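Construct the complete structure from the given sequences, taking the supplied hints into account.
In order, the protein sequences belong to chains A and B. Numbering-wise (the working numbering), the first sequence opens with residue 1 and increments by one. Numbering-wise (the working numbering), the second sequence opens with residue 1 and increments by one.
Hint data in this document are derived by calculation from the structure and do not stem from the laboratory. Accuracy of the hints is not assured; some may be wrong.
As the list makes no split between identical chains, a pair holds if one copy fits it or if it spans any two.
[Stated by the list, open to error] Below, simulated DSS-like cross-link-like pairs (lysine-lysine); rule was C-alpha separation at most 27 Å, straight line:
{"#": "1", "residue 1": "K220", "residue 2": "K272"}
{"#": "2", "residue 1": "K8", "residue 2": "K74"}
{"#": "3", "residue 1": "K12", "residue 2": "K177"}
{"#": "4", "residue 1": "K198", "residue 2": "K51"}
{"#": "5", "residue 1": "K8", "residue 2": "K71"}
{"#": "6", "residue 1": "K147", "residue 2": "K12"}
{"#": "7", "residue 1": "K220", "residue 2": "K251"}
{"#": "8", "residue 1": "K71", "residue 2": "K299"}
{"#": "9", "residue 1": "K220", "residue 2": "K74"}
{"#": "10", "residue 1": "K198", "residue 2": "K74"}
{"#": "11", "residue 1": "K299", "residue 2": "K220"}
{"#": "12", "residue 1": "K272", "residue 2": "K71"}
{"#": "13", "residue 1": "K251", "residue 2": "K8"}
{"#": "14", "residue 1": "K14", "residue 2": "K177"}
{"#": "15", "residue 1": "K8", "residue 2": "K177"}
{"#": "16", "residue 1": "K147", "residue 2": "K198"}
{"#": "17", "residue 1": "K147", "residue 2": "K29"}
{"#": "18", "residue 1": "K220", "residue 2": "K14"}
{"#": "19", "residue 1": "K299", "residue 2": "K14"}
As the structure is a prediction and not an experimental result, all values here were calculated from the model.
Residues per chain, in single letters:
2 protein chains.
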Amino acid sequence: MLGKRNGKQTVKLKNPPSIVSAACIVGPKEGQGPLRLYFDAIVEDEMWGEKSWERAESKLMRETFAKILNKGAKVATDVNYVIAGDLLNQCIAANFGLRESGVSFFGVYGACSTMAESMSLGAMLIDGEHADNIVCMTSSHFCSAEKQFRFPLELGSQRPPTAQWTVTGSGGVLLGKDGTGPYVTHVTTGKIVDMGIKDANNMGAAMAPAAVDTILRHFKDTGFTPHEYDLILTGDLGKLGKEICSEMLEKEGYPISDRYDDCGVMIFDWEKQDAHAGGSGCGCSASVFAGFIYQEMVKGNLNNVLFVATGALMSPTSTQQGESIPSIAHAVSIRRSLS
Amino acid sequence: MLGKRNGKQTVKLKNPPSIVSAACIVGPKEGQGPLRLYFDAIVEDEMWGEKSWERAESKLMRETFAKILNKGAKVATDVNYVIAGDLLNQCIAANFGLRESGVSFFGVYGACSTMAESMSLGAMLIDGEHADNIVCMTSSHFCSAEKQFRFPLELGSQRPPTAQWTVTGSGGVLLGKDGTGPYVTHVTTGKIVDMGIKDANNMGAAMAPAAVDTILRHFKDTGFTPHEYDLILTGDLGKLGKEICSEMLEKEGYPISDRYDDCGVMIFDWEKQDAHAGGSGCGCSASVFAGFIYQEMVKGNLNNVLFVATGALMSPTSTQQGESIPSIAHAVSIRRSLS
Numbered sequence: 001m002l003g004k005r006n007g008k009q010t011v012k013l014k015n016p017p018s019i020v021s022a023a024c025i026v027g028p029k030e031g032q033g034p035l036r037l038y039f040d041a042i043v044e045d046e047m048w049g050e051k052s053w054e055r056a057e058s059k060l061m062r063e064t065f066a067k068i069l070n071k072g073a074k075v076a077t078d079v080n081y082v083i084a085g086d087l088l089n090q091c092i093a094a095n096f097g098l099r100e101s102g103v104s105f106f107g108v109y110g111a112c113s114t115m116a117e118s119m120s121l122g123a124m125l126i127d128g129e130h131a132d133n134i135v136c137m138t139s140s141h142f143c144s145a146e147k148q149f150r151f152p153l154e155l156g157s158q159r160p161p162t163a164q165w166t167v168t169g170s171g172g173v174l175l176g177k178d179g180t181g182p183y184v185t186h187v188t189t190g191k192i193v194d195m196g197i198k199d200a201n202n203m204g205a206a207m208a209p210a211a212v213d214t215i216l217r218h219f220k221d222t223g224f225t226p227h228e229y230d231l232i233l234t235g236d237l238g239k240l241g242k243e244i245c246s247e248m249l250e251k252e253g254y255p256i257s258d259r260y261d262d263c264g265v266m267i268f269d270w271e272k273q274d275a276h277a278g279g280s281g282c283g284c285s286a287s288v289f290a291g292f293i294y295q296e297m298v299k300g301n302l303n304n305v306l307f308v309a310t311g312a313l314m315s316p317t318s319t320q321q322g323e324s325i326p327s328i329a330h331a332v333s334i335r336r337s338l339s
Numbered sequence: 001m002l003g004k005r006n007g008k009q010t011v012k013l014k015n016p017p018s019i020v021s022a023a024c025i026v027g028p029k030e031g032q033g034p035l036r037l038y039f040d041a042i043v044e045d046e047m048w049g050e051k052s053w054e055r056a057e058s059k060l061m062r063e064t065f066a067k068i069l070n071k072g073a074k075v076a077t078d079v080n081y082v083i084a085g086d087l088l089n090q091c092i093a094a095n096f097g098l099r100e101s102g103v104s105f106f107g108v109y110g111a112c113s114t115m116a117e118s119m120s121l122g123a124m125l126i127d128g129e130h131a132d133n134i135v136c137m138t139s140s141h142f143c144s145a146e147k148q149f150r151f152p153l154e155l156g157s158q159r160p161p162t163a164q165w166t167v168t169g170s171g172g173v174l175l176g177k178d179g180t181g182p183y184v185t186h187v188t189t190g191k192i193v194d195m196g197i198k199d200a201n202n203m204g205a206a207m208a209p210a211a212v213d214t215i216l217r218h219f220k221d222t223g224f225t226p227h228e229y230d231l232i233l234t235g236d237l238g239k240l241g242k243e244i245c246s247e248m249l250e251k252e253g254y255p256i257s258d259r260y261d262d263c264g265v266m267i268f269d270w271e272k273q274d275a276h277a278g279g280s281g282c283g284c285s286a287s288v289f290a291g292f293i294y295q296e297m298v299k300g301n302l303n304n305v306l307f308v309a310t311g312a313l314m315s316p317t318s319t320q321q322g323e324s325i326p327s328i329a330h331a332v333s334i335r336r337s338l339s
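If you want it as structure tokens, here you go:
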């Protein structure tokens, strides 16, 4: 075991848990994007038959939870914990979406880093023999997020080119003690990084230094180089944040550009979908990971992936009070096989 | 190990971590209450020299974190993780209060159950050999909470007798692999319970069934009876919720009234402080536990305590949309000695 001693931020798991199943459900815009064939379901409209966007987001989470179990051939009583959170105030998408699950629940808040945060905690709890099966999941919703974080949609506010588009979607995984992979082998837990950026329309620039900090720490703790991975995947830095992240890592002596992508860049069609700097929101990295990445790993087209979800830990209140945007990134190392 | 198998919600820890230190800082009203001698510091006014209540709450968290380390004779680089959350939208009290800590950070959201949630995760991570030292903490602030959840303070709104008073305070513990106790021996993680109560001014009634569910599950999983404990302590059910909890458990065959108290009932003087149904907020159970309970355990006046923090998982948005109040309770069993 690598252990957490000597100031290391990375834990090497002794008994790497398997990702037994993964599922995701997304909204109509995401369903028109380049990854559409990888989503388990595409919702026709943002309300999905509910009375409010918040209820629709809870339904996304509830139905995704059911799909994760179904694809893993499990029922709720097989699951020891669900670890979940979202972007809404007081995490109501998760709290209401999972209230009928009947499973012991840990609510987490890591902004858009939530998918990797929940997988980090879930993997360590299984590795430590505290659970056999854990569902880790998250969601976001374009309309509920715009309403809460920015402006009423009805205003039709113009968005600067650096702005990102919150993904409507929920995604998650079932981690299990038993399974045939892919496996979570290392967990690198980020520190809060704040470089003083205050532009809430340029989250990518705020979050990139946190991603760099965690990726560098992962390499230094493990002794790995970028060649250890087929793919290094950040959560939702978007086009600008991705460039910053790549440049900063190259300056540090870790060039990753030949094996680096970002879920926010991947989820929308750059030419046709007018998503500005790319996708964002917890649901972005969750649905790209649970859809495209997981399926490509199972098929054998990807073998070793470093999944680094990134979160901007601000709120409208902190922005109104002139605060900068603290950010965080959590990394999990995932391998198709342990041999 | 009791294990999570067979549908059990309780984990018995193999290597129970020690509560190495505990600290809490509270506001002026809490500092006039019956537990005033147990707090590490009492802030003279709710702003504490900051420009906003939110910044004051972040400062409460930052200074409490420093006190926890100081009392435990540790520095930040000794700590592997900090697990923290609060009630503010996007958990900004924790995110901004701990951004300079330089410690790997897991943000959690369990409403007022956060203190027990963070201790549950922290205890299992140490038990699983993923960390040596973890700080688990939370905060709440009367003014930032009223502003966010209810009405502007300047309105002087009248409060019904069932309303509770959000505690201004931060509290937390340092859990360590090594130490001389008290020890965290069992973790019982709650499910979300929703009995359909919709009155946001009667949180005690909404949360009591969740507390009952978790306490019953703890007894059934472990085979313990209430006599196992000197004290069963709920987080912030307040006067009404406490009565409901006690009555419900008695009907289930587990009478606890001779060894039962609630942090929300304990923190204010019933006759003199006009706190209606009692204290509430994450900072309530955190400061009562880190102050009074911890010190009385160290002195030997309390030996075995079941700490059950309770959270109401609603938001103003969910209440405005006519939703009920889902609730959760997490329990940790704490023993002064393992012999």
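Tested hints:
1. Taking the closest pair of Cα atoms, K220 and K272 never come within 27 Å of each other, the shortest separation being 40 Å inside a single copy and 58 Å across copies.
2. Taking the shortest Cα distances, K8 and K74 sit within 27 Å of each other only across copies (16 Å), while inside one copy they are farther apart (36 Å).
3. Proximity of K12 and K177 under a CA criterion of 27 Å is satisfied in both settings, with 15 Å inside one chain copy and 18 Å between copies.
4. Taking identical chains as interchangeable, the C-alpha atoms of K198 and K51 lie at most 27 Å apart only when they sit on different chains, with a minimum of 18 Å there against 34 Å within one chain.
5. For the identical chains of this complex, K8 and K71 are inter-copy neighbours only, at 24 Å across copies versus 36 Å inside a copy, given an alpha-carbon limit of 27 Å.
6. For the identical chains of this complex, K147 and K12 are neighbours neither inside a copy (40 Å) nor across copies (44 Å), given an alpha-carbon limit of 27 Å.
7. When the C-alpha separation of K220 and K251 is checked against a cutoff of 27 Å, the pair qualifies only within one copy, where the shortest distance is 15 Å, while the shortest distance between copies is 57 Å.
8. Within a single copy, K71 and K299 get their C-alpha atoms as close as 16 Å, which meets the 27 Å cut-off; across copies the closest is 53 Å, which misses it.
9. For the homomeric pair K220 and K74, the shortest alpha-carbon distance between copies (24 Å) is at most 27 Å, but the shortest distance inside one copy (38 Å) is not.
10. In this homomeric assembly, K198 and K74 never come within 27 Å of each other (Cα to Cα): the closest approach is 45 Å inside a single copy and 33 Å across copies.
11. Taking the shortest Cα distances, K299 and K220 never come within 27 Å of each other, neither inside one copy (30 Å) nor across copies (44 Å).
12. Taking the shortest Cα distances, K272 and K71 never come within 27 Å of each other, neither inside one copy (33 Å) nor across copies (58 Å).
13. Taking CA atoms no more than 27 Å apart as the test, K251 paired with K8 passes inside one copy only; the shortest distance there is 22 Å, against 50 Å between copies.
14. Proximity of K14 to K177 under the C-alpha cut-off of 27 Å is found in both arrangements, the shortest distances being 11 Å within a copy and 18 Å between copies.
15. Within a single copy, K8 and K177 get their C-alpha atoms as close as 25 Å, and across copies as close as 17 Å, so both meet the 27 Å cut-off.
16. Taking the closest pair of Cα atoms, K147 and K198 come within 27 Å of each other both inside a single copy (20 Å) and across two copies (24 Å).
17. When the C-alpha separation of K147 and K29 is checked against a cutoff of 27 Å, the pair qualifies only within one copy, where the shortest distance is 18 Å, while the shortest distance between copies is 36 Å.
18. Taking the shortest Cα distances, K220 and K14 sit within 27 Å of each other inside one copy (19 Å), while across copies they are farther apart (31 Å).
19. For a Cα distance limit of 27 Å, the shortest separation of K299 from K14 inside one copy, 25 Å, qualifies, whereas the shortest one across copies, 39 Å, does not.
Hint compliance for this structure: hints 1, 6, 10, 11 and 12 are broken, all remaining hints hold.
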